[in-house]
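Enquirer: Heads up: the sequence lines are chains A and B, in that order. Take the first sequence: its letter number 338 is residue 338 in this note's numbering, and every next letter is one higher. Plus 1000 on top of the position in the second sequence (first one is 1) and you've got this note's numbering.
Treat each hint with caution, since some may be false.
Straight-line C-alpha distance at most 30 Å; calculated DSSO-like pairs for lysine-lysine [what the hints assert, rightly or not]:
#1 B:K1522 with B:K1445
#2 B:K1445 with A:K73
#3 A:K73 with B:K1448
#4 A:K398 with B:K1179
#5 B:K1568 with A:K73
Since the hints were made in silico from the structure, they are not lab data.
The lines below spell out each chain.
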Amino acid sequence: MNAPLKRKITWALGLATFAFLALTGCAGNAPLDTLDPAGRKSEGISDLINPIFVIAGIVFIFIQGAVLYIGWKYKVRAPKKNEESFDGGYTDEEFPEQVHGHFGAEISWTIGPTILMAAIAIFSVGFLLNLDDVDAAPEGATYPDVEVLVVGQQWWWEYHYYLDGIEGANEPHFVTANEIVIPVDQDVRIYTTSRDVIHSFWIPRLNGKKDAVPGRTTPWVIQSNEVGRFAGQCTEFCGLSHAYMRMYTVALPHEEFSSWVDNQIQFRTPLAEDDPNYEGEQLFITNCARCHAINGVTGREMNGETVADSMAMYGNIEEFRNHSDGTLSQGKYTGAANLTSGAAPNLTHFASRSSYAGSFFELYPNAQEIADEGGYLDISENDYARGTLEAWLRNSPKEKPNAQPGQARGMPNLNLSEAQIDLLVDYLMTLN
Amino acid sequence: MTIVESEETPLELESAGGQPPAEKPLGAFTRPQGGNGWKDWLFTVDHKKIGIMYGAAGLLFFVIGGIYALFMRLQLSRPGNSILSAETYNQVFTMHGVVMVFLAAIPLGAAFANYLIPLQIGARDVAFPRLNAFSFWVFLGGGLFLLSSMFIGGWWENSPDGGWFAYSPNTGVLFSPSKGIDFFAIGLQITGIASLVGAINLIVTVLNMRAPGMTLMKMPILTWMLFIVQMLLLFAMPVISVALFLLTFDRLFGANFFNVAEGADPLLWQHLFWIFGHPEVYVLILPSFGVISEIIPTFSRKPIFGYPFMVFSGIAIGFMGWGVWAHHMFASGVGPVAVAAFSVSTMFIAVPTGVKILNWLATMWGGRIRFTTPMLYATAVVAMFTIGGLSGVTHSLAAADSQQTDTYYIVAHFHYVIFGGIILGFFGGFYFWWPKIFGYFLSEKIGKSSFWVMVIGFNLTFGPMHILGLQGMSRRIQTYSSGQGFDLWNLVATIGAFMIAIATAMFIGNVIVSRKAFKAGKTPAPGPDPWDARSLEWMTASPVPEHNFDETIHVEKQDEFWHRKWGKNEEGQVVRRATAEEVAHDGSNTNVHLPSPSYWPLVAAIGLPIIGYGLIYNLLLCVLGGLFVLGGLYGWVFEPVDDPNADNHDHGDGQDSYAELETAEVTNASEDTTIE
Chain A
1 MNAPLKRKIT WALGLATFAF LALTGCAGNA PLDTLDPAGR KSEGISDLIN
51 PIFVIAGIVF IFIQGAVLYI GWKYKVRAPK KNEESFDGGY TDEEFPEQVH
101 GHFGAEISWT IGPTILMAAI AIFSVGFLLN LDDVDAAPEG ATYPDVEVLV
151 VGQQWWWEYH YYLDGIEGAN EPHFVTANEI VIPVDQDVRI YTTSRDVIHS
201 FWIPRLNGKK DAVPGRTTPW VIQSNEVGRF AGQCTEFCGL SHAYMRMYTV
251 ALPHEEFSSW VDNQIQFRTP LAEDDPNYEG EQLFITNCAR CHAINGVTGR
301 EMNGETVADS MAMYGNIEEF RNHSDGTLSQ GKYTGAANLT SGAAPNLTHF
351 ASRSSYAGSF FELYPNAQEI ADEGGYLDIS ENDYARGTLE AWLRNSPKEK
401 PNAQPGQARG MPNLNLSEAQ IDLLVDYLMT LN
Chain B
1001 MTIVESEETP LELESAGGQP PAEKPLGAFT RPQGGNGWKD WLFTVDHKKI
1051 GIMYGAAGLL FFVIGGIYAL FMRLQLSRPG NSILSAETYN QVFTMHGVVM
1101 VFLAAIPLGA AFANYLIPLQ IGARDVAFPR LNAFSFWVFL GGGLFLLSSM
1151 FIGGWWENSP DGGWFAYSPN TGVLFSPSKG IDFFAIGLQI TGIASLVGAI
1201 NLIVTVLNMR APGMTLMKMP ILTWMLFIVQ MLLLFAMPVI SVALFLLTFD
1251 RLFGANFFNV AEGADPLLWQ HLFWIFGHPE VYVLILPSFG VISEIIPTFS
1301 RKPIFGYPFM VFSGIAIGFM GWGVWAHHMF ASGVGPVAVA AFSVSTMFIA
1351 VPTGVKILNW LATMWGGRIR FTTPMLYATA VVAMFTIGGL SGVTHSLAAA
1401 DSQQTDTYYI VAHFHYVIFG GIILGFFGGF YFWWPKIFGY FLSEKIGKSS
1451 FWVMVIGFNL TFGPMHILGL QGMSRRIQTY SSGQGFDLWN LVATIGAFMI
1501 AIATAMFIGN VIVSRKAFKA GKTPAPGPDP WDARSLEWMT ASPVPEHNFD
1551 ETIHVEKQDE FWHRKWGKNE EGQVVRRATA EEVAHDGSNT NVHLPSPSYW
1601 PLVAAIGLPI IGYGLIYNLL LCVLGGLFVL GGLYGWVFEP VDDPNADNHD
1651 HGDGQDSYAE LETAEVTNAS EDTTIE
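The shape of chain A in the complex, shown without the other chains (with noise of 0.2 Å):
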């Protein structure tokens, strides 16, 4: 075969394959997909790349089209079977006419560049500084002004609502992790930071990613259009475990958001001696509760003081607020100074999650249907992945990454008996 069909063959396999590709990359069924919006910033950004996609691929076809036709058209002879391959084509001394180049091509192509350029400059920096900007929650919002610090760590999210913004209040209503829940084509305000290194907090259904950097808060916007669960992934190398640091958002329907709050804010109280899951509350107690917090049952010492109220552990606002001067410490306990988080995700509310160990894992089967059908105020009805919650609970670092012993970041390996984790696991799925 020669080398000019073999090129041609290349080619149209390389643009047949090219074909297959786009058309089956829109087709997946894949759950980070940005082609696949459901909320006003990722529809508005969708709206503006698609154009672009179209631009470029106009230029794609033209250049690549310009390259095969000029190959085809002006290519010298292969060389024979017994030329030297290197020397042939040259012998005849014929040239083609000695162009030089044209001052007006030279300018048409550098103008006309240049104004489509400008015309794509135009029209995507007046979206691009309107990006986060939130509207007006709509009608019958029970919480109009819901404001959530989205703080990343090694290697989860967690969130701090402030249900009536975050101007004016102190500490924030509640705290939860990994999976961020919002009302439903409600704008709701988030502002990123970390605690650690910095990560990215990215639903790409819902809008573009937005970096948490240790020190600043960052202000960005989630809205989805619809009921659902839609995944998200850290996209800023985090470290060890970055693959496995996940989350969710969750739209609910206004008046579920309502409810779900109403459960979130809630505290528990101490189990008494003869209830069944007591024994397991107090494993709790002296295995997990110096990192995880249950509000109400688990004193934390700060200060030399034992607060019996967690939630004293996430501070105040201002902690977060406006750090643009770098004033923010790294982690709320200074006890754990010399690491980072000292924080571990709060289990006040453990089972009303569908996800768990920063969302790398689902505590229920069929989590996503069960979310996108309107299930998740209920979630904790459903049958949970036993066998799963038990492997992390016997060794966790063998399920997800975590950095070594004596960085306490990540959960480490508590060496618990079989019977103990059954306990542990029994208690945590009371933790609705």
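Assemble the complex: chain A is given as a structure, and chain B must be docked to it using the hints.
Expert: Coordinates of chain B only, in the frame set by chain A:
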């Protein structure tokens, strides 16, 4: 003059009765003598040998970086794979980036610069030959220092794990307690010295050592692009040096430049890194642009279309490259106004790049194109780089970038730029200049088949990554889950990566096979000008003799060599004036002064990695390394300008007038002999 010299200089030597002269100037500080095997390479100051060593080292590091890539692709070939642990994966992707950017792409560009700049401007060597040797050895030392992190203190225990971008505070001691980031910071500091020194050397070379008549606007495009690259390096390297010093001091001496708890802002690192990092992209791509700007006219049999526009678009890219760095930081929260400004500046950098692409196409348009292997590669650069450029435009829109950044879409984008634009161009350059450099052809047959394997493999690897990225696959993740829709394209990408590996192996095999075939007399010698090329490096024998040119070339035109071969008749048709063999120098003039080899660049360069180990492990080692550096510099200063024993003729001041005089005499003498 030859006669005069044979009466004076050799007599002086012979007066010692064939013995080395009793009086060595300045005691121990003699200069090594060339011509004996490996020493010839270790102590060489010849820009061509140094260029070859840059190329060999760059290829070696390219293979190593490629092996890292294969392991990454194996790990990601299916969901939930466990070939590499998260810890190792993070080190491997970091080393892949660092090795490919700093130890493969930069030195391969430096190889072309070192070998070709002096030849293309008609010079004997670079301005500071010993400094040139110094920068190579420093680069090699820094590179080996970086790679040694794999072995020291345990297998993959102390490799850098913070990504090639090394964002703080993740690279602080707190979050990266191994010695890896120390190796990263100090290793890059050392290779940075090499780049900076080399840049100064080549800038002086281009500005001062061009052949008479070669004005700046008559220089070949490759020399122009490489010159711009050196300018970029000159200003970019100090920035990364500062950043790396800050990082090193943070880690080793408890400074607080990036310590958030003490009030630092981690974005400082990002600004410093990308003010270096974006011009760095153009440091990588412009040499390749230059290479294909030589290949395309040669094989289209036409001059480059729009020479001044090619030059000025290169300069424009160089300038604008300084004003776009924050487009790497659109998601970092630098504020909407800054984001908008950098978004717009990024869009407009597409303009000069587009000018280049259209000029290459216009050069090919109406030509008589011969698709040899180099031309195939050059054409592929035009096609593939365009894809990278277009995807670049799609994320110059900062809003769109907030979806695309840190996903595989970006990985696809910059591999289309770096692999499609740079590596393919460099391979084209290898095939193009191989006969000139080594005196034998690389097999076109293997060359063309490996080209297709490489281009198809490349597109299979990085094409699907566009889709993966838009489907939301993050970068730098060690694993993904099966429900995320990433399975198929990751597998395809892995297959493609192995095709690239096969193509690279085919290239290496080609070198071996072609060399054997040539030695066995199966392939003809290329002669001075196998491709009917245009620039001065083809106007001398292949392989290039040590002294480059027999006589000083007086340049009158751009593409001087071509104009000596071809002219125009009255009808304006191109007709032959002379054959290449008639025009080209045959390398027979051995009467040319050349700088002598030197021990000291190597000695001084060895000190730097030793200082590096000292900083990490034991400060006493720094003293030892310091002694090497100081001793090397001391010897450097005090060694004689020439060794009287060396068989390299006497030393003039190396100025053109002298060489001219000399060669003029030589010509006369040889003419006389002919007459006799």
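Enquirer: Going back to the hint list, which numbers does this structure go against?
Expert: The structure conflicts with no hint, since it agrees with every one listed earlier.
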